[in-house]
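These protein sequence lines are chains A and B, in that order. Each residue of the first sequence is one higher than the one before, starting from 10 at the first, in the numbering used here. Each residue of the second sequence is one higher than the one before, starting from 86 at the first, in the numbering used here.
I should point out that these hints are in silico values taken from the structure, not numbers from a laboratory. Wrong hints could be hidden among the right ones.
Some chain A residues near chain B, calculated using beta-carbon distances under 8 Å [what the hints assert, rightly or not]:
1) G37
2) K39
3) P43
4) N99
5) G136
6) C155
7) R173
8) I177
Among chain A residues calculated to face chain B with C-beta under 7 Å, some are [to be verified]:
9) A61
10) P62
11) S100
12) V128
13) G131
14) M134
15) G184
16) I208
17) M210
18) L213
19) K214
20) Y217
Using N, Cα and C, we set each Cβ at its ideal position, and we do this for glycine too.
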Amino acid sequence: MEVGVLERADGSAYVEWGNNKIYAGVYGPKEVIPRFLAMNDKAFLRCKYSMAPFSVEDRKRPGPDRRSVEIGKVTAGALAPAIILEDYPNSMIEVLIDVMQADAGTRCAGITAATLALVDAGIPMRGLVSACAAGKVDDEVVLDLCKEEDNSGQADVPMAILSRTEDITLLQMDGIMSEDEVQEALELATRGCKIVNEIQMEALKSKYGGD
Amino acid sequence: MEIMVSERELVVPGTLLAKGKYSLGGGVTREGDEIYSTMLGLFYLNDGKKQVRVVPLEGKYLPKAGDTVIGRIHKVLGGKWLVDINSPYLASLDPKSALHDRIDDLSRVYDVGDLVFAKVDYVDEIYNASLFTKSMPYGKLRGGTLIEIRPTRVPRLIGKKGSMIYMIKQETKSKILVGQNGLVWVKGNNEMESLIKKTVELVDNEAHVSGLTDKMKEYLESEKKKIYNQGDHYDEM
């Protein structure tokens with residue numbers, strides 16, 4: 010993970026997570042466009058997720074689609090509780106996540122990168138958001154699936170937490186799992202998030218020589 | 086009453102800073118009895134006031150009453166100017182706090198794109214700032230070069246009691262105005278302007294290094310020698 014990689018963005022981060030390669034850029038706080046979305050008491054958070062056409066094996070049709078709109082929405086939901094939006098009334102914070110290479114778990118890696126970018130932009134946060142996915146492959150609960158495991162596996166549970174309080178800000182599930190397995194997956198994902206959080210802290214501190 | 090981190094330590098958002106009855110400075114938040122950082126910055130403790138704060142290393146400028154800023158006229162309305170002060174919010178400049186006499190066509194005084202040096206007079210709860218340019222040294226900036234740095238690094242550029250900026254002014258014999266909003270305006274001869282630009286950007290990037298003023302002084306002196314030795318035929322960088 011690396012912080013401050015894009016020159017034109019207010020804050021940015023690059024995350025390499027297995028074979029996932031993801032850039033996140035934060036622009037703002039800035040004036041709200043369109044104007045009517047402005048809120049008098051807090052900032053408006055807009056998240057956009059997009060995948061590069063060359064990021065997957067078959068060429069992806071460029072432009073927004075159903076999936077990227079959904080991920081943008083859940084990303085906004087995952088990040089909003091961590092950001093102190095009340096500090097910037099009548100403004101907008103824009104988070105752009107670009108997937109350069111995808112290998113399952115991009116939404117988790119995207120949220121992780123976006124958090125770093127937000128901190129790099131100097132936006133006040135209650136804590137860092139860390140994300141990690143658990144899943145079920147061959148009847149076994151595992152952490153952080155790769156593409157083959159995701160496609161042939163039985164379930165995928167991406168999760169994001171506020172690492173300080175362990176509040177869950179994102180929890181999705183795709184597939185079939187028993188109640189016990191879900192419980193196990195949650196515990197596993199929480200542990201994964203903690204590890205991610207440590208790497209995040211290191212990345213932030215290393216930008217300033219670690220002292 | 087307990088402090089969890091050391092003075093001038095680099096903290097990230099969500100770091101537990103202290104427990105107990107400390108007052109809150111900037112960049113921190115309280116949750117119950119515990120005080121957490123909200124910014125990526127350096128931790129400071131004011132022992133006298135029992136205040137903890139985090140000085141951020143990144144972030145946008147938020148207008149504060151009493152600040153001096155450099156702004157660019159964004160729009161001329163019927164009765165006031167809107168000024169871009171390098172912040173998420175536009176500031177407004179009323180003719181009453183800019184001119185002594187009444188003038189009908191405001192764009193004859195400040196037109197769109199003009200640079201103004203101004204004082205922030207008043208800021209309300211949602212950061213609508215009103216500016217003041219009526220007296221010296223405030224007013225329009227003509228010519229010169231505009232340099233943009235991170236607003237959080239401005240105190241470093243000014244230095245303790247203005248030591249850094251005074252040194253740069255002395256060394257380069259140029260006119261320099263620093264806005265709290267991260268804009269720096271420089272006027273001098275061409276070589277000096279570009280030298281100052283390089284110096285200021287260096288300060289911006291190395292703001293967390295200690296002993297910077299002396300380092301910058303050495304840098305300026307060596308660069309100045311280069312310029313004078315080159316004489317008339319300096320390359321156009």
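Status of each hint after checking the structure:
1. G37: It holds, given that the least Cβ distance between G37/A and chain B is near 7 Å, below 8 Å.
2. K39: 5 Å, holds
3. P43: Status violated, d = 16 Å.
4. N99: 6 Å, holds
5. G136: 3 Å, holds
6. C155: Violated: closest Cβ of chain B sits about 29 Å from C155/A, beyond 8 Å.
7. R173: 4 Å, holds
8. I177: 16 Å, violated
9. A61: Status violated, d = 27 Å.
10. P62: 32 Å, violated
11. S100: 4 Å, holds
12. V128: Status holds, d = 5 Å.
13. G131: Holds, because the Cβ-Cβ distance from G131/A to chain B comes to roughly 3 Å (cut-off 7 Å).
14. M134: 4 Å, holds
15. G184: 32 Å, violated
16. I208: 12 Å, violated
17. M210: Cβ of M210/A sits 6 Å from chain B, so the hint holds.
18. L213: 5 Å, holds
19. K214: 6 Å, holds
20. Y217: OK, holds: Y217/A within 7 Å of chain B, min 6 Å.
When the structure is compared with the earlier hints, violations turn up for hints 3, 6, 8, 9, 10, 15 and 16 and for no others.
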